[in-house]
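Student: These protein sequence lines map, in sequence, to chains W and F.
When we follow the numbering used here, the leftmost residue of the first sequence carries the number -3, and every step to the right adds one.
When we follow the numbering used here, the leftmost residue of the second sequence carries the number 28, and every step to the right adds one.
Rather than coming from a laboratory, the hints here were simulated on the basis of the structure.
In this text, all values refer to a predicted model and were calculated from it rather than measured experimentally.
Each hint should be verified, as a subset may be incorrect.
Partial list, computed: chain W residues near chain F (C-beta under 7 Å) [what the hints assert, rightly or not]:
| id | residue |
| --- | --- |
| 1 | D29 |
| 2 | V31 |
| 3 | E52 |
| 4 | V54 |
| 5 | K55 |
| 6 | P100 |
| 7 | F103 |
Residues of chain F placed beyond 10 Å of chain W at every Cβ, according to the derived structure [as the list claims (entries may be wrong)]:
| id | residue |
| --- | --- |
| 8 | K39 |
| 9 | A44 |
| 10 | V63 |
| 11 | Q64 |
| 12 | H73 |
| 13 | E106 |
| 14 | D144 |
| 15 | A165 |
| 16 | S267 |
| 17 | R269 |
| 18 | L274 |
| 19 | G346 |
| 20 | G356 |
| 21 | P359 |
| 22 | P377 |
Backbone N, C-alpha and C define an ideal beta-carbon position, used for all residues, glycine too.
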Amino acid sequence: MIIRYSKDHEYVRLDGDVAVVGISSYAQEQLGDVVFVELPEVGKTVAQGKEAAVVESVKAASEVYAPVSGEVVEVNSELEAAPATVNEDPEGKGWFLKLKLSNPAEFDALLSEADYKAFLETL
Amino acid sequence: MSHADDTTPLLKTPLHAAHAALGAKLVPFAGYDMPVQYPTGILTEHNWTRESAGLFDVSHMGQASLIGPDHATTARVLEALVPADILNLKPGQQRYSQLLADDGGILDDLMVARPLDPAQDGTLLLVVNAACKTADYAYIAARLPAGVALVTHEDRALIALQGPKAVDVMARHAPGTADMAFMSVIRTTYDGIPIGISRSGYTGEDGYEISVANGDAEKLWNALLAEPEVKPIGLGARDSLRLEAGLCLYGHDIDTTTSPVEGALTWSIQKRRREEGGFPGAARIQRELKDGPARVRVGLAFDGRAPAREGAEIATKDGAVVGRVTSGGFGPTLGAPMALGYVPTAMSTPGTKLDVIVRGKPLAATIVTTPFVPQRYVRKTTAAKGA
């Protein structure tokens, strides 16, 4: 499985033509303790760069932007009862949603893991 | 509330280096570079304060003394600016009040204490908000008669120790502090360091606020941190703790557009002052006390888990917008979202069902009494501990 990152700190893990989307370890660290996650409805179409979900920490609410365009085929409803999973395992059990890609070229244009790490160094 | 703009260098408290050494995340707050959290994070800090004792640097707040020839003279001067009964403060007693504008709007909220020591008769100790302190001092100073002076204490730091085990720490190191009543002040020492201390705070827990010379601040901070019950707590948890306790944050829940009656702070205006008036905006405030204010600050509880933040609109079930949220977030101890906001007085009865609009969607909310989490102040002098 290939993983890519956006400069907004979302990750996309490609599994066939389905993309698993969540927020990076860096993003959850910046947010702090997550207390609420709002997920989109299955079947909704999201466009790259537009709001796909909302994550709230004790401090503030933040939008999660769709790093790639596509149709929502599944959401991680376990986050509703256990939002802290986003902090504990952001790039594993703390995933937000799965998208069926509508434009695979968008995925290829995202940052590789090495490029994302280099990008974090500049922040 | 005014904030320093980007070009103004941030001020530092005497504990700035200590926060950095602890790995704090520092953010601009009221013109100061302040710790919003330490590496363990806001939830852990919040819970530690509720279970043990949390240490807060609140040195950005303004400490000042109003000094006159005798208590009655100084008290009457302050009573011309605040609606609390200052005249009848007993030596060593502290009270919460508000600095009022001529229209009855709140310029700031503050703590006022009468020192215990008869040698300080005629002095009142003030603690005001950091973001307001410059304006407060100018406002007060411009209204002083000859013989009464305002002296600011930029040479002093302020440290809060809050939580159920704060008393155990203080009992071991600071003579006379364990038996202090809630909202009382004394002068004593902590391991020999001179301190002025009040039994009060901003978390809903038992605890203390400790005034110390800038030069002793780091020594006192480190001594307190060395105690097993004590961990450092940032402004993030300070906010979630005070909101659970139903306490107002100036510039958010109360400001120049709200009166103390609208702000549900009537409890802080003692009977003599309600009847006599004699404070700025007295006509409006007495009218609101008699007829009820047009709107009032309330607490809101939610059916779901989504927090409503400051600025969210409060609406009737028919969709009519009737107010807005002034503070809101997720209560770690409450385990649910909570908010403060203003609604028309007719809709302020606990149990009233309303909606709060978050991201365009109505969240079902209910008016509730505050605090959201019961306060655990020490209400009277505790029995002396075993020898």
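Student: Quick one: which hint numbers does this structure break? Sort them smallest to largest.
Tutor: 6, 7, 10, 11, 12, 16, 20, 21
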